[in-house]
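Undergrad: Protein sequence lines, in the order shown, are assigned to chains A and B.
To convert, count from 1 in the first sequence and add 3; that's this note's numbering.
To convert, count from 1 in the second sequence and add 842; that's this note's numbering.
For the record, the hints were derived by calculation from the structure and aren't laboratory data.
Keep in mind that the hints are not guaranteed to be accurate.
[Claimed, not checked] Listed next, with one range per pair, are the computed distances between beta-carbon atoms: (1) A:S20 x B:G858: 48 to 54 angstroms; (2) A:V18 x B:Y881: 26 to 32 angstroms; (3) A:N66 x B:G896: 43 to 49 angstroms; (4) A:A12 x B:S924: 20 to 26 angstroms; (5) A:S32 x B:T938: 18 to 24 angstroms; (6) A:W10 x B:Y881: 19 to 25 angstroms.
Cβ coordinates follow ideal geometry from the N, Cα and C atoms, glycine included.
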Amino acid sequence: SQTIHQWPATLVQPVGSPLSLECTVEGTSNPNLYWYRQAAGRGLQLLFYSVGIGQISSEVPQNLSASRPQDRQFILSSKKLLLSDSGFYLCAWSVAAGGVGELFFGEGSRLTVL
Amino acid sequence: QKEVEQNSGPLSVPEGAIASLNCTYSDRGSQSFFWYRQYSGKSPELIMFIYSNGDKEDGRFTAQLNKASQYVSLLIRDSQPSDSATYLCAVIRSGTYKYIFGTGTRLKVLA
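Can you build the whole structure from these sequences, using the hints too?
TA: This is the structure we're talking about:
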């Protein structure tokens, strides 16, 4: 069966510090991968998605970036965090074929920027 | 106009009642629709998906899709306090792999 792992689960970072969140998927190959952010009391905002290694699409211009160094690994980064980057970050995957499959989420990473 | 719209609630229903959650979407070409449940502090979990017009039932849950009206709903029968959560509607934007979410409806089931 397929599983998705995301870490760290919680982190507190000062403004201006770097960020790296990691996500890996097991039990499938060539998944579509996604990063979402959920601000407190808000909906899910799509940040990045990837349909293959090295193929990253950005939805919202901001100080975040994403990379997909391996088929089942997706990384969210920032060089300098802003207060507005605080939120609940969710990695997700779906089956690549057809784009009509279910989307499955990791357990999330809660980021607080102080 | 938001791409996916939901009433934020809270929607309060007594235990044992039917809860009705609604969602409208703007992309007429969308073909795939999903309902997720999210407990406070947790990640969303998939409840149901629906691709065709009409009803789709899974246990106590029924998803309803009306593409002509661009409307998706979720009915929860025999609501339980454990159903209290935020329910998120999601749509795949046509021609893409992007899953677009509504802001969610908070459901409270009163014991």
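Undergrad: Does each hint hold? Answer for all of them.
TA: Comparing the hints with the structure gives:
1. Range check, A:S20 to B:G858: about 50 angstroms between beta-carbon atoms, so the 48 to 54 angstroms window is met.
2. For A:V18 paired with B:Y881, a C-beta distance near 30 angstroms keeps the hint of 26 to 32 angstroms intact.
3. About 45 angstroms separates the C-beta atoms of A:N66 and B:G896, a value consistent with the hinted range of 43 to 49 angstroms.
4. Distance hint check for A:A12 and B:S924: the Cβ-Cβ separation is about 24 angstroms, which falls inside the suggested range of 20 to 26 angstroms.
5. A:S32 and B:T938 have their C-beta atoms about 21 angstroms apart, which keeps the hinted 18 to 24 angstroms range intact.
6. Restraint check, A:W10 to B:Y881: a C-beta distance of roughly 20 angstroms satisfies the suggested window 19 to 25 angstroms.
Checked against the numbered hints given earlier, this structure breaks none of them.
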